[in-house]
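Fit chain C to the given chain B structure using the hints.
So the chains spell out like this:
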Amino acid sequence: MAEFLEDPSVLTKDKLKNELTAHNVPLPSGEHKKEVYVQLYLKNLTILNNKKIPPVDTFSSDEELSTPVVSNRSRSGRKATKKTDKPRTEEVEVTELTDEDLKQQLAKHGVDTGPIVASTRKVYEKKLQKLLDEPAAEPGAPTDVTTLPKADSNQNGNTNSDNYSDKEDEEIPAPELEPVPVVEKPTRSRGKAPVTVRTSSRRQTKVVEEVVLEETPKKASKSVVEDILANEISTPTGISATCRRPIRGAAGRPLKPSEYWLDESRVQRTVHTESRTYAEMYSQPSSAVCSSKAPARRGFLSLLLKLLLLVLVCGSLYYAYQNLSSDQVDALKGLLDNVVIPVQSAVETAANYLGFSSSGSSAIVAPDN
Amino acid sequence: MPMMTLQFDLLRGGLCKLSRWISDTAMSSTSQKHKEFVAEPMGEKPVMALAGIGEVLGKKLEEHGFDKAYVVLGQFLVLKKDEELFRDWLKDTCGANAKQQRDCYGCLKEWCDAFL
Chain B
1 MAEFLEDPSV LTKDKLKNEL TAHNVPLPSG EHKKEVYVQL YLKNLTILNN KKIPPVDTFS
61 SDEELSTPVV SNRSRSGRKA TKKTDKPRTE EVEVTELTDE DLKQQLAKHG VDTGPIVAST
121 RKVYEKKLQK LLDEPAAEPG APTDVTTLPK ADSNQNGNTN SDNYSDKEDE EIPAPELEPV
181 PVVEKPTRSR GKAPVTVRTS SRRQTKVVEE VVLEETPKKA SKSVVEDILA NEISTPTGIS
241 ATCRRPIRGA AGRPLKPSEY WLDESRVQRT VHTESRTYAE MYSQPSSAVC SSKAPARRGF
301 LSLLLKLLLL VLVCGSLYYA YQNLSSDQVD ALKGLLDNVV IPVQSAVETA ANYLGFSSSG
361 SSAIVAPDN
Chain C
1 MPMMTLQFDL LRGGLCKLSR WISDTAMSST SQKHKEFVAE PMGEKPVMAL AGIGEVLGKK
61 LEEHGFDKAY VVLGQFLVLK KDEELFRDWL KDTCGANAKQ QRDCYGCLKE WCDAFL
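In order, the protein sequences belong to chains B and C.
Under full-length UniProt numbering, the letters of the first sequence match residues 1 to 369, in that order.
Under full-length UniProt numbering, the letters of the second sequence match residues 1 to 116, in that order.
Okay, chain B solo, but in the shape it has when bound (with noise of 0.2 Å):
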């Protein structure tokens, strides 16, 4: 691959037209200034230095040579490198970026990288795959799916919540629930599969994964009463029968629920899901810090009481030590004697009874002054 200059005004306005013409650039009929040849050259040769062609919106820098290179391949029907040509392939490929193209793209997605050695390559790849996952996953729609087909599996005996699970992108979003989708994610796939909950939403679920795994057998069939119950509260007949929800989106029915007069029960029934599932995430954090302190925090209080201790015998130091010159400190100093000497007249006494020479002790006996 040749290396096109920089700067091509260092060459002259012939040697400019022959390399333009040597890779078949088209020049304009006629003489021109040498401006517009130099210009010619940078749009078309040196943005073959680069080692991509980067999208029209981003990389400002090079947004002005971008637009100019795809209309020349167009019109030249040069055959265009594999650069040029699939912008998109690159950005999937994220074994195929050089470390600084990895950089940039985790730059783009506000990831603070530090270098990109051998040894931390593949996990930087490995984060830029996952955030490339991430967007295409629609992660509003979890909770929605879980509850539908619960109430549905319920209700008529099918099986769906299987297949619902399967399906990442293809539910219904939940504009109300779009705050709680990373933490969905491993309850909607709690069955199936528990590699995807791994690399999706790693960070939360690492530690919580077993307690949502186990929480989320509870939460179906906690939920699924309080969707009866709901329903039944909600019907404004009183009748509590139960028949099958009409399907979002289907049959013309749109997908935003409107004046059905199940509306109100579903509305009740998101709103509960909503509190629980906040509940639920702060409760996960919690509770997961809860099952692995829970020792330490019958310590912790402990340590609260001690901590009072210690506050209080240096507050009580300290004020003695700034009375150090007043008369109450004689008074103390009493008060300690009268402590102290029965405490250690025991202690002498344990000392001879233990054999131990006295003649240490005598020197603490009772003060004189």
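Rather than coming from a laboratory, the hints here were simulated on the basis of the structure.
Please note that a few of the clues may not be correct.
Output of the computed footprint for chain C on chain B, the stretches with three or more beta carbons under 8 Å from beta carbons of chain C [to be verified]:
#1 29-43
#2 303-310
#3 313-320
Source: prediction; values computed, not measured.
We put the CB at the ideal spot given by N, CA and C, even for glycine.
Same frame as chain B, now just chain C:
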């Protein structure tokens, strides 16, 4: 005033013991290995001195060239002390489970906080 100084000495000794006891209670969720590692500069300690890294994992790390604890520290620093990345790397390199990853990361992080 010999009495007073003696009392102060007793108090001071008592306070020292109390503070050590408090710190021990606070760190009771970390293992002995962790405490030992974090207590001093790692020097030439082997990779198995890291918390969470036992014989099996240590051997695997050594096969990949990470034969001393400071080499793993190097990797940790190159990943900018990021928890997720380091844990991923650890899992990929030696197959550590979640607890082992957590212990190792915590150990290195605390060491860095103390000595770096």
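To see whether the hints hold, each was checked on the structure:
Using a Cβ-Cβ cut-off of 8 Å, 0 residues of the segment 29-43 of chain B lie near chain C, which falls short of the minimum of three, so the contact claim is violated. Closer than 8 Å: that is the beta-carbon criterion, and the segment 303-310 of chain B has 5 residues meeting it against chain C, so the requirement of 3 holds. For the segment 313-320 of chain B, the assignment as covered by chain C holds, since 3 residues bring a beta-carbon within under 8 Å of that chain's beta-carbons and 3 suffice.
Hint compliance for this structure: hint 1 alone is broken.
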